[in-house]
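One line per chain: the protein sequences are A and B, in this order. Residue 366 in our numbering is what sits at position 379 of the first sequence, and the numbering runs on without skipping anything. Residue 174 in our numbering is what sits at position 187 of the second sequence, and the numbering runs on without skipping anything.
Among these hints, one or two may not hold up.
Identical chains blur together in the list; that is why a pair holds if it fits in one copy or across any two.
[Stated by the list, open to error] With a Cα cut of at most 25 Å, we get these calculated SDA-like pairs of lysine to any residue: (1) K12 x T(-6); (2) K228 x E288; (3) K287 x I0; (4) K133 x K382; (5) K41 x V365; (6) K381 x G328; (7) K78 x H50; (8) K107 x K343; (9) K263 x I0; (10) K132 x K157; (11) K377 x N307; (12) K381 x L19; (13) K287 x Y5; (14) K98 x E17; (15) K382 x T(-6); (16) K34 x D152; (17) K263 x N230; (18) K78 x Y103.
Worth flagging that the hints you see were computed from the coordinates, not collected in a lab.
Number of protein chains: 2
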Amino acid sequence: MNFDFSTYMESFIDRKTYEEFFSKKESVLEKLKSYDMTGWIENSISKEEVNKIKEVSAKVREHADVFLVLGIGGSYLGSKAVIEAFSPYFKKMKKTEVIFGGINMSSEYLKQLLDYIEDKDVVVNVISKSGTTMEISVAFDLVYKKLSERFSEEEIKERIIVTTDKEEGKLRKLADLKGYTSFEIPRNIGGRFSVSTPAGLLPISVAGINIDTFLEGYNNALLKYIDKAFVYACIRNTLYKENRCVENFVSYEPKLSYFNEWLKQLFGESEGKDNKGILPTSTIYTRDLHSLGQYMQSGKEILFETVIRLEESEIINYQNSDINKMNFIISESVATAHREGHTPSNIITLSHFDSKTMGELIYFFLLSAAFSGILLEVNPFDQPGVEAYKSEVKKNLG
Amino acid sequence: MNFDFSTYMESFIDRKTYEEFFSKKESVLEKLKSYDMTGWIENSISKEEVNKIKEVSAKVREHADVFLVLGIGGSYLGSKAVIEAFSPYFKKMKKTEVIFGGINMSSEYLKQLLDYIEDKDVVVNVISKSGTTMEISVAFDLVYKKLSERFSEEEIKERIIVTTDKEEGKLRKLADLKGYTSFEIPRNIGGRFSVSTPAGLLPISVAGINIDTFLEGYNNALLKYIDKAFVYACIRNTLYKENRCVENFVSYEPKLSYFNEWLKQLFGESEGKDNKGILPTSTIYTRDLHSLGQYMQSGKEILFETVIRLEESEIINYQNSDINKMNFIISESVATAHREGHTPSNIITLSHFDSKTMGELIYFFLLSAAFSGILLEVNPFDQPGVEAYKSEVKKNLG
């Protein structure tokens, strides 16, 4: 990974503010160590657990038409981001298709989901750390009822995989009672940091993506990118102090749209508290240059951009160049134009893109979000605001 | 359509500022009339043109596997938004599938697109008002080359439909020269206002959606919603004056995600200029409550939300209620919680959702965007900032 944090950014950064943040490195590292929820930093998963995931995944892929993941938030966005990044745009995988449910309360979506799995060889992975997530409980109840119409309880047992806490919660109790295959989400890893746990890895593996190389990239990233992650965190906080309160995550490859969504949860939930935080948004360029480009160029000066570029891709010759080279030149031209229009850009370039570099990229951002939150003087690992709407919903739904 | 602009909003609106905006109604209407680019307000398309669209569309649907739309920005988001809103989540339409190209410069996307159409019965609709949009020129060249491998020039003629300016531009010349079927985008309608022209209506019609009822809704909306659109515009500008510089468009139905994207272009491009404007973002709830809900609840107080709800949907009984009712109660609970967390919400409820109400909804927002831009004292119909990156790209691509 190549980080260009200066070409399109330099003139926007107040040096003094930046140096002040940068001087806090030691205390930020100390602070990070003081938190409990840091199981994602090292050894987030054991060799045995990885092997069990691969075994279960291989078995599922042998027969299932559909692998239905019931998960939301941190139990959805990580695996969805990785799977989309390595899936074709047009042709669907023949076997095994990974689909997601429990991601909304739309009766239309649920109805169509239930119809879709009706005659398919389906395996369900229900994921909830607490075991009590409303959307997941509702979807699981409905899916279970649907399966009951076709299968005996003994047959259903072979079609349900539970990923939840080791000991506690409704789902753990159910898994133990019924003898479902189950995986554990460690207590010291929060949802948005859990892609390297079974919550992310099982769906990723069933989608046919190599989780060994993914974890290799993930596990080697700490030493490799700790300095860059801290620089990035300092830049973000400096810009925020200068009233840039929105970060637009940009990719020039549509297959990274869900990676952007994952980034939005990671940063929005880690920093958006105590009436502060950078609001994360996302765009796919060049598509969205034709819609939001006008705002990025000359709207209110509240934005900065962080662009993820992939250097290697298909070669399609076009005139005296090739499309991929053109896309690359366009990305530089846009950053230049946006800088002139007073929107600064960070650029991260991946010379090569595969499951290993995906693991690195994810780790880089996890570390950046933790550093950023600490520099912003919030707890990057809690999400107290999420309880507010949940208790209002509970009150009104009875 | 039911508009609730007060329940979740009242305490945030400075009455004096609001009244000041509201008192400008007459002058705003005058100002609107003074612009040229207002062809979308009344009679955006003739009966003859609509009939021609329906004829061409029926012919396409008789044989084509794939209807490939090459369009970007205003020539993409409108039809995409409407088509997605009426497409199933899981089962693909058997015939005729509408897909989009020219929406990026990703060589991987283009490669897969070219492979996908390789053995299919394909009809191409190339849409560009100016006739010179880079992404469209590139995609059209590549697709044309691909078709040439299988078809004679005479056969290709039956597979290309051009939508562009009446007289000017490269595409118009090409269409006239080769005798391609062609449609016209009126000069006095800008891209983001063009969904009721052939740029939007032909793809929508090919997707099997009734454009007569769509236009019925669209054409009757002026009288029906002009007052509400102005109130909404005044609310937006009042909140903006109070430093709420981000509007989050929310839907509880995933099928409206591209409608949100369309809204982002409409408002972002109409208002994001002269270093001002409300930045539009979008979320699908409840999904994104599990990612960005934390920020909406207790992040920096820069946001307000505009929620689109659909009242009627599939009935799935669940415990003592049904899922759709639950989704509705959740939306009220969330608005209440967000209000308590200092994020105000506008709520628009559609009791019934079909192509006619979709036409109304689109018109309501077009009018709102025009009013809003005028109240903000910008020209809502230009997009000067878009030229900045285009000329930088041109310079660097040579």
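Unmet hints by their number, sorted upward, for this structure: 4, 5, 8, 12 and 14
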